[in-house]
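A.B. asks: Since the structure of chain A is provided, determine the placement of chain B on it from the hints.
Protein chains in written order, with the working numbering: chain A, 1369 to 1695; chain B, 1369 to 1695.
No lab work stands behind these hints: they were computed from the structure. There's no promise every hint is true.
From the derived model, a few chain A residues whose C-beta atoms are all more than 10 angstroms from chain B [as the list claims (entries may be wrong)]:
id	residue
1	1391
2	1428
3	1508
4	1562
5	1646
6	1656
7	1659
8	1678
Using 25 angstroms as the maximum straight-line C-alpha spacing, the simulated SDA-like pairs for lysine to any residue come out as follows [unchecked claim]:
id	chain 1	residue 1	chain 2	residue 2
9	A	1591	B	1565
10	A	1624	B	1644
11	B	1509	A	1654
12	B	1469	A	1489
13	A	1496	A	1602
14	A	1624	B	1681
15	A	1637	A	1672
Now the stretches of chain B that chain A is said to cover, found in silico as 3 or more residues with beta-carbon under 8 angstroms [as the list claims (entries may be wrong)]:
id	segment
16	1383-1394
17	1511-1523
18	1656-1667
Quick reminder that beta carbons are idealized off the backbone N, C-alpha and C, glycines included.
Protein chains: 2
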Amino acid sequence: MKEKILMMLKQNKDEFLSGEKISHEFGVSRSAIWKYMNALKEEGYIIESIPRKGYRLISSPDILTYGEIEEYLITDFIGRNIYYFDSVSSTNIKAKEIAPKEQEGTIIIAEEQTKGKGRLGRNWTSPKGKGIWMSIILKPKVDPTKVAKITLIGAAAVNQGLKDIGINSYIKWPNDIVINGKKVCGILTEMSCELNMINYCIMGMGINVNLDKDDFDEELSKKATSLKTITGNTVDRKKLLAYILNHFEELYIPFKEKGDISKTIEISKDNSILIGKEVRIIRGELEKVGRVLDIDEEGQLIVEYENGKVEEIFSGEVSVRGIEGYI
Amino acid sequence: MKEKILMMLKQNKDEFLSGEKISHEFGVSRSAIWKYMNALKEEGYIIESIPRKGYRLISSPDILTYGEIEEYLITDFIGRNIYYFDSVSSTNIKAKEIAPKEQEGTIIIAEEQTKGKGRLGRNWTSPKGKGIWMSIILKPKVDPTKVAKITLIGAAAVNQGLKDIGINSYIKWPNDIVINGKKVCGILTEMSCELNMINYCIMGMGINVNLDKDDFDEELSKKATSLKTITGNTVDRKKLLAYILNHFEELYIPFKEKGDISKTIEISKDNSILIGKEVRIIRGELEKVGRVLDIDEEGQLIVEYENGKVEEIFSGEVSVRGIEGYI
Chain A
1369 MKEKILMMLK QNKDEFLSGE KISHEFGVSR SAIWKYMNAL KEEGYIIESI
1419 PRKGYRLISS PDILTYGEIE EYLITDFIGR NIYYFDSVSS TNIKAKEIAP
1469 KEQEGTIIIA EEQTKGKGRL GRNWTSPKGK GIWMSIILKP KVDPTKVAKI
1519 TLIGAAAVNQ GLKDIGINSY IKWPNDIVIN GKKVCGILTE MSCELNMINY
1569 CIMGMGINVN LDKDDFDEEL SKKATSLKTI TGNTVDRKKL LAYILNHFEE
1619 LYIPFKEKGD ISKTIEISKD NSILIGKEVR IIRGELEKVG RVLDIDEEGQ
1669 LIVEYENGKV EEIFSGEVSV RGIEGYI
Chain B
1369 MKEKILMMLK QNKDEFLSGE KISHEFGVSR SAIWKYMNAL KEEGYIIESI
1419 PRKGYRLISS PDILTYGEIE EYLITDFIGR NIYYFDSVSS TNIKAKEIAP
1469 KEQEGTIIIA EEQTKGKGRL GRNWTSPKGK GIWMSIILKP KVDPTKVAKI
1519 TLIGAAAVNQ GLKDIGINSY IKWPNDIVIN GKKVCGILTE MSCELNMINY
1569 CIMGMGINVN LDKDDFDEEL SKKATSLKTI TGNTVDRKKL LAYILNHFEE
1619 LYIPFKEKGD ISKTIEISKD NSILIGKEVR IIRGELEKVG RVLDIDEEGQ
1669 LIVEYENGKV EEIFSGEVSV RGIEGYI
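Here chain A stands alone, though its shape is the one from the complex:
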């Protein structure tokens, strides 16, 4: 109900909405409306209220609630059920707790993660209100070995969402988004499965949106940056989040229904930072140097080694690093 009233306020931004009109529209009492208005004010909404005229929305806070992103969302099921938190240990941990009983497309969003996690147990800096820290719950009826493809879909969706707000980025196969040679987004896909059935899959995304330079320590600032640092401007987190979810659903549906990731592969190739580059391929203690030739239709990285041997690399099996520096 709170969200419905908020939506009505947003649709009537230039005029006063009388309590009577709201009461009539939703069939709730005037005193209930007054309580909802106070709840909205507590969340950071600035609402003017004048006796006998009614209520008017002056401004909305910079928060990633469903009420704030709904107007940009064109999805069917991705992001239509959002659990929003001010602070959590990690959105993936929270998502794993609720995933068994939630429907596909449910999202956990937090303004802050106190124990944000990257791949292989690494930390992920997630300061309050400055990033998009979220996890999407998915339940595709595919073999667990196919789940690596979902990471590619996620990376492609972030790349396309950034493009929608005018920011060009590169995809570092399989799970990072890179601008100016530094990481702006990482994806951590986890799953719970039986031998031939996925119970659920959690796609965690950390996007460094409005972090300032001093949010990164010295070591991290060599490898990571934020959209704000790159563009010099504060970026609209709400639009970016919604656009990413829109692209994600568009790319995910053909995968879920037919195993088709052709559009994702096209985006992955067009925006790849690895194709054509010399890279180090790291498998545990072993390291080999090769050149990335392509990404194939299954999403595998095709690498040619110095001895001319060509290998198809299955996502996740190895780490790929540039010859010099991070990329």
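C.D. replies: Here is chain B on its own, set in the frame of chain A:
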């Protein structure tokens, strides 16, 4: 401490142990000992206590606590930390709750499961005190694609544990144990993982030990039976459980350390009910008839179809059924 006192009572079954001696051995007060004795009595231990002579263990209850299986256990880490419950929804569900923070080899055992689960969400009948309903928490540092091999290790361990108590059984690749054409044990392996790292793996085992005929409904009794029904005798659950854990650890260590499952494959082949048989291979809606030729060194089932084509089947990818009936 309770377990240490129990162990001492067991080691001195034919004589009275004075409170003074126990007190001296463990450095606890006489009144504390009295409390531990009462706790043991509540668990079903029958303990004689005579003033000025002391305590004597008359009999132990039929429960699968650590105190009861310890004397048969020769493992290093499998089953050395046991969470024992009178009743749980499912040991796999319980195991998933605690797995993130538990060490490898920790086991959940319950006398009863109210929502015992088989593969693909099927039910598993688990009446109180009549079976071995347990889940082992494992954290092997191997690629998630290798986890199917752990199911084969589990099946081989059950087969060998049964042999130790004089019961011959067949392994129905990949996850069932069969006697007289009916199922006596099923294994449900689940895992939580990232792309190239297992967070944890849960191996759930349900063994129909002392179930009576009327524990199975009519439909189930066509497919499943119990060791008691087969042998005509009540089977010692404690020994069987410990022997299975002993074999499991012996077969699991080479896998964990070197990826070596050669001994498991040997057992799987020697005791296979499928090799040489005609089977139906079921993939979703599709069904094909073929003959099982072998199990290869990677644990894959080798099947030859009627048209002469030979296929290697990866565990879990398909269901295998006999031409007539269950097997």
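A.B. asks: Evaluate each hint against the coordinates.
C.D. replies: Results for each hint:
| no. | hint | result |
| --- | --- | --- |
| 1 | 1391 | 46 angstroms, holds |
| 2 | 1428 | 36 angstroms, holds |
| 3 | 1508 | 14 angstroms, holds |
| 4 | 1562 | 5 angstroms, violated |
| 5 | 1646 | 23 angstroms, holds |
| 6 | 1656 | 17 angstroms, holds |
| 7 | 1659 | 22 angstroms, holds |
| 8 | 1678 | 21 angstroms, holds |
| 9 | A/1591 <-> B/1565 | 23 angstroms, holds |
| 10 | A/1624 <-> B/1644 | 37 angstroms, violated |
| 11 | B/1509 <-> A/1654 | 16 angstroms, holds |
| 12 | B/1469 <-> A/1489 | 14 angstroms, holds |
| 13 | A/1496 <-> A/1602 | 15 angstroms, holds |
| 14 | A/1624 <-> B/1681 | 24 angstroms, holds |
| 15 | A/1637 <-> A/1672 | 17 angstroms, holds |
| 16 | 1383-1394 | violated (count 0) |
| 17 | 1511-1523 | holds (count 6) |
| 18 | 1656-1667 | violated (count 0) |
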